Amino acid sequence: MHWVSYLLLLLLKYNTDFGWSWFAPAEKGAFDKKREAELLNGRLAMIAVGGIATQSIVTGHGFPFL
Amino acid sequence: MKSAAILSLFTASATAFAPAPVSTSSTSLAGSVFDDYVGAKDFRGAEFKFDPLKLSETYEPFQGWFRETELRHGRTAMLAVTGFVVTDYVRIPGDMYSFASIPSTIDAHDALLKTGPMYQLLLWIGLFDIIVTAPSVQAMGEGEREPGGESISILICIAFYRLPNLFLFAHTCMHALGLIFVTSTFEI
Chain A
660 MHWVSYLLLL
670 LLKYNTDFGW
680 SWFAPAEKGA
690 FDKKREAELL
700 NGRLAMIAVG
710 GIATQSIVTG
720 HGFPFL
Chain B
492 MKSAAILSLF
502 TASATAFAPA
512 PVSTSSTSLA
522 GSVFDDYVGA
532 KDFRGAEFKF
542 DPLKLSETYE
552 PFQGWFRETE
562 LRHGRTAMLA
572 VTGFVVTDYV
582 RIPGDMYSFA
592 SIPSTIDAHD
602 ALLKTGPMYQ
612 LLLWIGLFDI
622 IVTAPSVQAM
632 GEGEREPGGE
642 SISILICIAF
652 YRLPNLFLFA
662 HTCMHALGLI
672 FVTSTFEI
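One line per chain: the protein sequences are A and B, in this order. Using this note's numbering, read the first sequence as starting at 660 and increasing by one per residue. Using this note's numbering, read the second sequence as starting at 492 and increasing by one per residue.
Bear in mind the hints are in silico, worked out from the structure with no lab data behind them. The structure presented is a predicted model; accordingly, all values stated were derived computationally and were not measured. Even glycine gets a Cβ: it sits at the ideal position worked out from N, Cα and C. Accuracy of the hints is not assured; some may be wrong.
[Said to hold, decoys possible] From the derived model, a few chain B residues whose C-beta atoms are all more than 10 Å from chain A:
1) Phe553
2) Glu561
3) Met587
4) Ser592
5) Gly617
6) Ile621
7) Ala625
8) Glu633
[Stated by the list, open to error] Estimated spans, in silico, between C-beta atoms of each pair:
9) B:Met587 - A:Lys692: 41 to 47 Å
10) A:Phe722 - B:Asp533: 24 to 30 Å
11) B:Pro594 - A:Gly688: 45 to 51 Å
12) B:Leu613 - A:Ala689: 38 to 44 Å
13) B:Met665 - A:Pro723: 40 to 46 Å
14) A:Ala689 - B:Ser592: 42 to 48 Å
15) A:Glu686 - B:Ala602: 25 to 31 Å
16) B:Asp586 - A:Phe690: 43 to 49 Å
17) A:Phe722 - B:Leu544: 31 to 37 Å
18) A:Phe722 - B:Asp526: 37 to 43 Å
19) B:Leu614 - A:Pro684: 37 to 43 Å
[To be verified] Pairs of lysine-lysine, DSS-like flavour, derived with a Cα cap of 27 Å:
20) B:Lys540 - A:Lys692
21) A:Lys687 - B:Lys532
22) B:Lys545 - B:Lys532
23) B:Lys605 - A:Lys693
24) B:Lys545 - A:Lys692
25) B:Lys540 - A:Lys687
26) B:Lys532 - A:Lys692
27) B:Lys532 - A:Lys693
Throw the hints in and build the complete structure from the sequences for me.
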């Protein structure tokens, strides 16, 4: 299992930013709007996943869960 | 220091019904959390400062912890909703993941506990939480990291620098598990 530590050491070597913020806007207002969107989508999804679990147990059906 | 404070969060929930924090609600400014952080909007874009139990004032040192948990739960739930819908149409190749063996997505957890890699998933996610999540939360508590921020590699660096003993422990556990696996498989 030594490849795991090699992988971690590889991550350590390239420990800077991965450049995964290409989608993020530069100015602060637009960036805060993206953070708002993340929070709101997350809050909706936290409620939605409870509803999905409940309805797929109650009805036993697939995607529309009806 | 701060990990002890975060640990005391769990003990603080036991004393939540004690009448101690009465004075804090009178001194703190209303809605000060919503001025520091984003997230004070509802789905229509209107202002929505929702904290009816005044948790952010009663447990003021744990505002970052609350924000971290909200972001983490929200990201996980967004992935979970996507996963619930996608697995009704597409499955990864493999006999135990097929529609014939698991017709409904909600049964996948119980079915894959018997036949699938659920325990291995638990092992790796648990290792990730020990090595990455715990030091990142600790760094968040000390103010070195925004709640919900930073990339994984930086967190692994924090893990390397802060908890080398824990990493060595995890590494030793991996070797021990591999040894158990090899000896039990080949009956050495």
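Each hint tested on the structure:
1. Phe553: 18 Å, holds
2. Glu561: 7 Å, violated
3. Met587: Given that every Cβ of chain A is farther than 10 Å from that of Met587 of chain B, nearest at about 19 Å, it holds.
4. Ser592: 16 Å, holds
5. Gly617: 14 Å, holds
6. Ile621: The claim holds: Ile621 of chain B sits with its nearest Cβ about 13 Å from chain A, beyond 10 Å.
7. Ala625: Holds: least Cβ distance 16 Å, greater than 10 Å.
8. Glu633: Label holds. Min Cβ-Cβ 19 Å, cutoff 10 Å.
9. B:Met587 - A:Lys692: 41 to 47 Å: Given about 43 Å between the Cβ atoms, the range holds.
10. A:Phe722 - B:Asp533: 24 to 30 Å: Given a distance of about 27 Å, which is inside 24 to 30 Å, the answer is holds.
11. B:Pro594 - A:Gly688: 45 to 51 Å: 48 Å, holds
12. B:Leu613 - A:Ala689: 38 to 44 Å: 39 Å, holds
13. B:Met665 - A:Pro723: 40 to 46 Å: 43 Å, holds
14. A:Ala689 - B:Ser592: 42 to 48 Å: This hint holds: roughly 47 Å between Cβ atoms.
15. A:Glu686 - B:Ala602: 25 to 31 Å: Violated, since Glu686 of chain A and Ala602 of chain B (Cβ atoms, about 49 Å apart) do not stay within the stated range.
16. B:Asp586 - A:Phe690: 43 to 49 Å: Holds - the Cβ-Cβ distance for Asp586 of chain B and Phe690 of chain A, about 46 Å, lies within 43 to 49 Å.
17. A:Phe722 - B:Leu544: 31 to 37 Å: 36 Å, holds
18. A:Phe722 - B:Asp526: 37 to 43 Å: Between Phe722 of chain A and Asp526 of chain B, where Cβ atoms are some 41 Å apart, the hint holds.
19. B:Leu614 - A:Pro684: 37 to 43 Å: 39 Å, holds
20. B:Lys540 - A:Lys692: Holds, at about 16 Å.
21. A:Lys687 - B:Lys532: 17 Å, holds
22. B:Lys545 - B:Lys532: Holds, at about 17 Å.
23. B:Lys605 - A:Lys693: 41 Å, violated
24. B:Lys545 - A:Lys692: 25 Å, holds
25. B:Lys540 - A:Lys687: Holds. Lys540 of chain B to Lys687 of chain A sits at ~21 Å (cutoff 27 Å).
26. B:Lys532 - A:Lys692: Since the Cα atoms of Lys532 of chain B and Lys692 of chain A sit roughly 10 Å apart, the hinted pair holds (cutoff 27 Å).
27. B:Lys532 - A:Lys693: Holds, because 12 Å separates the two Cα atoms, which is no more than 27 Å.
Checked against the numbered hints listed earlier, the structure breaks hints 2, 15 and 23; every other hint is satisfied.
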